[in-house]
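Engineer: Chains as they are written, first to last, in the working numbering: chain A, 1 to 100; chain B, 1001 to 1120; chain C, 2001 to 2534.
Worth flagging that the hints you see were computed from the coordinates, not collected in a lab. Quantities reported herein were computed from a predicted structural model and do not represent experimental measurements. It cannot be assumed that every hint is accurate.
Claimed, not checked - For the chain B half of the interface with chain C, some residues (derived, Cβ under 7 angstroms), not all of them:
hint, residue
1, 1092
2, 1093
3, 1103
4, 1106
5, 1109
6, 1110
7, 1113
Said to hold, decoys possible - Cross-link-like lysine to any residue pairs, in silico, SDA-like; alpha carbons within 25 angstroms at most:
hint, chain 1, residue 1, chain 2, residue 2
8, C, 2102, C, 2155
9, C, 2037, C, 2106
10, C, 2157, A, 5
11, A, 87, C, 2105
12, B, 1114, B, 1072
13, B, 1114, C, 2405
14, C, 2040, B, 1072
15, B, 1114, C, 2503
16, B, 1114, B, 1064
17, B, 1113, A, 71
18, C, 2157, A, 6
19, C, 2157, C, 2211
20, B, 1114, C, 2022
21, B, 1114, A, 93
22, C, 2037, B, 1107
23, C, 2037, B, 1106
24, B, 1113, C, 2405
25, B, 1113, C, 2040
26, B, 1040, B, 1023
27, C, 2414, C, 2483
28, C, 2102, C, 2503
29, C, 2102, A, 85
30, B, 1113, C, 2031
31, A, 87, C, 2155
32, C, 2040, B, 1106
33, B, 1113, C, 2482
34, C, 2037, B, 1072
35, B, 1113, B, 1102
36, C, 2102, C, 2041
37, C, 2355, C, 2106
38, C, 2414, C, 2482
39, C, 2157, C, 2405
By construction, the Cβ of each residue, glycine as well, lies at the ideal position given by its N, Cα and C atoms.
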Amino acid sequence: MVGMEAYVILSAVLFVLGAMGVMMRRNAILVFMSVELMLNAANLALVAFSRQWSGVDGQVFVFFVITVAAAEVAVGLALIVTIFRTKQSINIDVLHQMEG
Amino acid sequence: MNVLSEWAFIGVFFVLAPILPAVPILLGGVLSPKKPNAIKQATYECGVETVGDTWVQFKVQYYIYGLVFLIFDVEMVFLFPWAVAYGQLDFFAFAAGVLFIFLLSDALVYAWKKNALEWA
Amino acid sequence: MIDVPSFAELNLEVALPGIFLALFTTVLLIVDLFIPKDRKITTAHLTIGALVVAFVLNLPAFNAGETAMNEMFIADAFAGFVNMIVITGAIITVLLSVDYMKRSGIEHGEFYSLLLFSVSGIMFMGSANDLIVVFIALELLSIPLYVMAALRHDDVKSEESGIKYFILGAFASAFFVYGAALIYGATGTTNLPEIFRAIAGADGIVATENSAMIYLVIGAAMVIVALGFKVAAVPFHMWTPDVYEGAPTPVTAFMSVGAKAGGFAGLLRVMIIGLPLLVVNFGDAVETMAIGETITVPSAWQTALWLIAAATMIFGNFIAISQTNVKRMLAYSSIAHAGYILMAVAAVGTVQITKVAENDYTMVAVYAESALNGALVYLLAYTFTNLGAFAVVMSLENNDGSGTMLDDFNGLSKRHPLTAAMMAFFMLSLIGVPTTAGFIGKFLIFDAAIQAGLIPLTIIGVLTSAVSAYYYVRIIVNMYLKDAAVTDEAVGLTPYVNYATIVAFAGTLIFGLFPMLALDLLASSGAQIATLLF
Chain A
1 MVGMEAYVIL SAVLFVLGAM GVMMRRNAIL VFMSVELMLN AANLALVAFS
51 RQWSGVDGQV FVFFVITVAA AEVAVGLALI VTIFRTKQSI NIDVLHQMEG
Chain B
1001 MNVLSEWAFI GVFFVLAPIL PAVPILLGGV LSPKKPNAIK QATYECGVET
1051 VGDTWVQFKV QYYIYGLVFL IFDVEMVFLF PWAVAYGQLD FFAFAAGVLF
1101 IFLLSDALVY AWKKNALEWA
Chain C
2001 MIDVPSFAEL NLEVALPGIF LALFTTVLLI VDLFIPKDRK ITTAHLTIGA
2051 LVVAFVLNLP AFNAGETAMN EMFIADAFAG FVNMIVITGA IITVLLSVDY
2101 MKRSGIEHGE FYSLLLFSVS GIMFMGSAND LIVVFIALEL LSIPLYVMAA
2151 LRHDDVKSEE SGIKYFILGA FASAFFVYGA ALIYGATGTT NLPEIFRAIA
2201 GADGIVATEN SAMIYLVIGA AMVIVALGFK VAAVPFHMWT PDVYEGAPTP
2251 VTAFMSVGAK AGGFAGLLRV MIIGLPLLVV NFGDAVETMA IGETITVPSA
2301 WQTALWLIAA ATMIFGNFIA ISQTNVKRML AYSSIAHAGY ILMAVAAVGT
2351 VQITKVAEND YTMVAVYAES ALNGALVYLL AYTFTNLGAF AVVMSLENND
2401 GSGTMLDDFN GLSKRHPLTA AMMAFFMLSL IGVPTTAGFI GKFLIFDAAI
2451 QAGLIPLTII GVLTSAVSAY YYVRIIVNMY LKDAAVTDEA VGLTPYVNYA
2501 TIVAFAGTLI FGLFPMLALD LLASSGAQIA TLLF
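Produce the complete structure using the sequences and hints provided.
Structural biologist: Written as structure tokens, this is what we have:
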């Protein structure tokens, strides 16, 4: 039997990896993937807690997170496509039209 | 002991499973006539033959199509529980599901009118 | 038979304003497809009509305090007030957008649908009684804003603004979900009043279980980070100036009030209803108390919010001084104003513990009501004032987005005396001069903060307000004392923009002179929240 802490620690590790990816990666697609990693780390924690409390609240939450994340990514990819059309690059460092 | 016998069952599968596809392939190799020519040797590809570099830019339209698919695909997660419990739902729960499908089709109509479903 | 709540049990009529607006928007999206390109004004009219209907539907919410959808949703004075703020703000935004979108060549019918989706998201946020609803509302209010920020698709600045907002917004949502997961892990529920009871109740898990306490503190911190991004609090503000500068001006105007109102509604809901009594060293604090004695202790998150509020006020105001683009200056000023409202949120975290009997304590967040009133009235005042200021900036803005520099305001009083006078009034309201709505908001917040014992924070607030006078007054000086180098007509000064400016001016003036109008609406909020919790 794997303890509750194991799930929480795994999800925390995944979340931190995702957060580091968002901050350190320069490719917009990889940044998105890192955000997804963070969200799925949270999903893992939610499902684990849901099992611990033997309720369904956490699982319902996960449903919503999955769908909303898909909508969010769709919008983000559409934005990347438009940016690629003008800049011919998806490196987020090219986004410095405005100072600071 | 009991657990072990359950695993043994899977072990038998592991042994038997490769044999099933291997036998026809071997038999085919032994029995079939061999008359190779250039077209037969070419990599199988459906549709028209490829011309030029395959690493070309896709039309943006394909991305939009993909994005629309992504959304509809994921929204199905809400319909699964509804469909599984379908036989036990009262009319209101049924109507809620129908409303959800209506909202999805609302978005589909929008995408359609905006030509997001056009391939060409 | 699966236990499905019946239609009557869901009590949906409580959520009528939000449901109406969301459903109307899905229909509007289709209707707009059949409106010819040169008649998009019809879409704008339909939008305003729907917002007015939602405003009327919202009126009964003030006295209800009823829950819907298995207690995930609540309509009380708080929700009614947030709805009122955001609907009024949205009406002004539509008035601002009509001509601007046309003359910038970015007139899309979808703009109004996106705006309405965002508005319904903010309305759901005001009524959220469950972490799941807070999350959905947060996304419903944010996702349309990402698109709206990038609406000017021929302008790389606008695209850049959209994608920056998106990346940081998505990053913040991930923090929210993880924070919510940890809070759920500690308490076993996502329902805010039940989280409250789990923390403070007789079987309080907090005093006994250490891992639950750690989850709760980290979870609360992550939720604060996430909503801090939304309201542009320092140090989570870095997206704000760029996004505000790059986005089309009406979108910036709506973002600065709408997203802020939504973010604060969520923060107040979570902090006041969910986590006010999260006291870390509870055991140490009550060790030496005698029966009947009362002490005041800070909530676990109060210091964090204290620091964020102070940093936000100081940073926002001091950077705003050095800005020459008024749109960018208003962005930094909007950061600063978030700091004042955060001060009110921090005031909620002062907890009074009374020892009733041996091993029996009562805990109350005594200043929650006055802090809540202060924050909401401040948001109302800020909505009117800031939208008014943006309306004036917009009327000076050229079709290519230029014309928003400080020097462009030179001599405005001679060219357009009425607009200049209203702009001067908005600036005074942003400083917080008496007779303006901004003064009432600041007064209530400072009052709540002093009551809650946050004296140093209040002093920082007053001092930074004085600093802010410098850059606000500079605009008045430019308008009245300097001569214009250019004399070209203000292209944006159209009837619709004038209506918007006048509505904003009227709101700023009326709530400045008669603050009781707003306070009466909120009178029952504290009592409603108390009945919800105990």
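Engineer: State the violated hints by number, sorted upward, taking the hints as numbered earlier in the document.
Structural biologist: 10, 13, 14, 15, 18, 19, 21, 24, 33, 34 and 37
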